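A.B. asks: Here the sequence shown stands for residues -23 to -1, 1 to 95, where the numbers follow mature numbering (1 follows the signal peptide of the UniProt record, and there is no 0).
Hints listed in this document are in silico derivations from the structure and should not be mistaken for laboratory results.
This one's a predicted model, so the numbers in the text were calculated from it and none came from an experiment.
Careful: at least some of the hints might be erroneous.
[Claimed, not checked] Pair ranges (Cβ atoms, derived):
{"#": "1", "residue 1": "Arg30", "residue 2": "Thr58", "range": "12 to 20 angstroms"}
{"#": "2", "residue 1": "Thr39", "residue 2": "Lys74", "range": "31 to 39 angstroms"}
{"#": "3", "residue 1": "Arg85", "residue 2": "Arg44", "range": "30 to 38 angstroms"}
{"#": "4", "residue 1": "Pro32", "residue 2": "Asn70", "range": "30 to 38 angstroms"}
{"#": "5", "residue 1": "Arg94", "residue 2": "Arg52", "range": "27 to 35 angstroms"}
{"#": "6", "residue 1": "Pro46", "residue 2": "Arg85", "range": "15 to 23 angstroms"}
{"#": "7", "residue 1": "Arg30", "residue 2": "Arg64", "range": "15 to 23 angstroms"}
[Claimed, not checked] The calculated lysine to aspartate or glutamate pairs, modelled on DMTMM-like cross-linking and capped at a C-alpha distance of 25 angstroms, are:
{"#": "8", "residue 1": "Lys57", "residue 2": "Asp86"}
{"#": "9", "residue 1": "Lys36", "residue 2": "Asp88"}
{"#": "10", "residue 1": "Lys75", "residue 2": "Asp56"}
{"#": "11", "residue 1": "Lys57", "residue 2": "Asp82"}
{"#": "12", "residue 1": "Lys89", "residue 2": "Asp56"}
{"#": "13", "residue 1": "Lys74", "residue 2": "Asp86"}
{"#": "14", "residue 1": "Lys74", "residue 2": "Asp88"}
{"#": "15", "residue 1": "Lys67", "residue 2": "Asp82"}
{"#": "16", "residue 1": "Lys89", "residue 2": "Glu61"}
{"#": "17", "residue 1": "Lys57", "residue 2": "Asp88"}
{"#": "18", "residue 1": "Lys75", "residue 2": "Asp88"}
{"#": "19", "residue 1": "Lys75", "residue 2": "Asp86"}
{"#": "20", "residue 1": "Lys36", "residue 2": "Asp56"}
{"#": "21", "residue 1": "Lys36", "residue 2": "Asp86"}
{"#": "22", "residue 1": "Lys36", "residue 2": "Asp82"}
{"#": "23", "residue 1": "Lys67", "residue 2": "Asp56"}
{"#": "24", "residue 1": "Lys74", "residue 2": "Asp56"}
{"#": "25", "residue 1": "Lys67", "residue 2": "Asp88"}
{"#": "26", "residue 1": "Lys67", "residue 2": "Asp86"}
Ideal placement from N, C-alpha and C gives every residue a C-beta, glycine not left out.
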Amino acid sequence: MNTLYRCLATVVVTGTLTLSGLAATTVAASAESTTSVTAAEGAKRTAIDTAKRIPTRFKNCTNLRQRWPHGVGRRHARDKTSGEPVRNFKRSNRIFKKAMRYNRDLDRDRDKIACERH
């Protein structure tokens, strides 16, 4: 590495790309800095990407109820409740699975009906 800094006229061959002098030192320095930055920013990017991937409709029950006011459930689901059970929710296996894939907290009582309103 020191010889690279001392001799700016030295030619460095990397794969099919040929670099010489100051450009070679820049490439070496940038390679070292990107490895340290990548590890630190990796966790931040993962959290941001996850938040962006959840559609607005499935972020919480308030957003889901804007489209389906009484919730979404599987076709043959029955509401677990001590009072009057909900019977007028949207029955769709496809929509329920999609909602659960994005946010498991939508069905907290695990009765296969997400965001039911009692």
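A.B. asks: Which hints from the list above does the structure break, by number from lowest to highest?
C.D. replies: Structure breaks hints 1, 2, 3, 4, 5, 7.
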